[in-house]
Amino acid sequence: MSQSPHPPTNSSPHTRRPRVYGMVTTAASGEYTAAALDSFIESTELTQQDLFVLIVNDHHKVDVPQALQQSCRVILHEHPRSFAENANICTAIARERSSDLYFLNNDLIFTPGWAEHLAVPMPVITLPVSNQEFPYEAEDFKLLPLMTLEDYAGKEVLFRRFVAAHQAQKKGYQIVLSPPFFCIRIPLEILIEVGDFDPTFGKGGAEDNDYAIRTYLKGFAILASRQAYLIHFGGKSTWAGAESAAETRARDEAYIFRFREKWGTKLATLVLRSQLIKREPQLLNSLPKGLQSATQEGNWRPVILALAREEKIDCSPFTSPPPSVGAVYVIYDPEPWLHASYLAIYKHVQSV
Numbered sequence: 000m001s002q003s004p005h006p007p008t009n010s011s012p013h014t015r016r017p018r019v020y021g022m023v024t025t026a027a028s029g030e031y032t033a034a035a036l037d038s039f040i041e042s043t044e045l046t047q048q049d050l051f052v053l054i055v056n057d058h059h060k061v062d063v064p065q066a067l068q069q070s071c072r073v074i075l076h077e078h079p080r081s082f083a084e085n086a087n088i089c090t091a092i093a094r095e096r097s098s099d100l101y102f103l104n105n106d107l108i109f110t111p112g113w114a115e116h117l118a119v120p121m122p123v124i125t126l127p128v129s130n131q132e133f134p135y136e137a138e139d140f141k142l143l144p145l146m147t148l149e150d151y152a153g154k155e156v157l158f159r160r161f162v163a164a165h166q167a168q169k170k171g172y173q174i175v176l177s178p179p180f181f182c183i184r185i186p187l188e189i190l191i192e193v194g195d196f197d198p199t200f201g202k203g204g205a206e207d208n209d210y211a212i213r214t215y216l217k218g219f220a221i222l223a224s225r226q227a228y229l230i231h232f233g234g235k236s237t238w239a240g241a242e243s244a245a246e247t248r249a250r251d252e253a254y255i256f257r258f259r260e261k262w263g264t265k266l267a268t269l270v271l272r273s274q275l276i277k278r279e280p281q282l283l284n285s286l287p288k289g290l291q292s293a294t295q296e297g298n299w300r301p302v303i304l305a306l307a308r309e310e311k312i313d314c315s316p317f318t319s320p321p322p323s324v325g326a327v328y329v330i331y332d333p334e335p336w337l338h339a340s341y342l343a344i345y346k347h348v349q350s351v
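Numbering (the numbering used here), first residue to last: 0 to 351.
Please keep in mind that the hints were generated in silico from the structure rather than gathered at the bench.
Being a predicted model, the structure only gives us computed values, none of them experimental.
Glycine is no exception: its CB is placed at the ideal position from the N, C-alpha and C atoms.
Hints may be right or wrong, so weigh each one.
To be verified - When the alpha-carbon atoms are kept at most 27 Å apart in a straight line, the in silico DSSO-like pairs for lysine-lysine are as follows: (1) 261 to 217; (2) 141 to 154; (3) 265 to 311; (4) 154 to 217; (5) 141 to 170; (6) 154 to 170; (7) 169 to 154; (8) 277 to 311; (9) 311 to 217; (10) 288 to 265; (11) 261 to 202; (12) 170 to 202; (13) 277 to 265; (14) 202 to 277; (15) 217 to 202; (16) 261 to 277; (17) 60 to 202; (18) 311 to 261; (19) 169 to 141; (20) 277 to 288; (21) 202 to 154; (22) 217 to 288.
As the list claims (entries may be wrong) - Computed beta-carbon distance windows for the label pairs: (23) 295 to 79: 34 to 44 Å; (24) 141 to 111: 19 to 29 Å; (25) 133 to 275: 21 to 31 Å; (26) 46 to 305: 37 to 47 Å; (27) 309 to 133: 14 to 24 Å; (28) 166 to 66: 19 to 29 Å.
Between the sequences and the hints, there should be enough to build the whole structure, so can you do that?
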């Protein structure tokens, strides 16, 4: 995967675009929401133009911390809605306010500067990394892929040391195809071009994979900031929380069926994370050499189109017309994301 060692950021609260932060809470995961909100307040600089949207998915009582009340809008649902339906409430609010959207799981522990690491001045989706990608273990504290609040309680100082050590070693961005949208920044440009989440996948699952594919088909990319490191406890509103094993399996089967119907089996095999999906390690190796090199450069659009075409999936409703470029002026820069960007544009140049 391509990596940018020195990613640009836009960290000034006086010049940056307004933000809408969205989070969904449930009665079963309320204690995780409380911890997430406390760490969000400690780690996030809000401006008067920013808005925090807290969606209560099952109409239980929620105490909004006093420090967040002036910036918070609470939305109560009489009946639970799906991940996509709740996310689309936030996408609509962000577009209305001409804001970037930060859509957040409620089972996170935020760290100082996390939001600014995601605030790159480019139309790309960005997200942090977490214990699920980078586990650590030392001094009787384990940052494992699946954790509980009890694992974290009382270990806050050790956690900050882990984060400092991680940030000293891990730099830049990594281009990723279809990461889990546990904490995602979607800039206004993509909210307008790509649109809303597809609600046809059911309660939750694959709508983030679908959005990632549509993002690449529209000519955008997704970058993971290796500097922004959070705790993601994982699945506290679903498979590691209130759901039974049978409910989890039924939910998985529903979204897998719908995803295969929409994008085909090969893309499902490539991007879905369910244990019900049989992995095919040689899938990308079977591509023509030109497409194999595209995956190494993080240029996923032609790969998606090729895999869909093999199964006669029509991607035209999700793609943009080829751009018409009159001239290009390139200043040499070794950043891989810039290299991929001008390669994508160059074939459309009419004159230089």
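Which of the numbered hints are not met once you compare them with the structure shown?
When the structure is compared with the hints, numbers 4, 12, 21 and 27 turn out to be violated.
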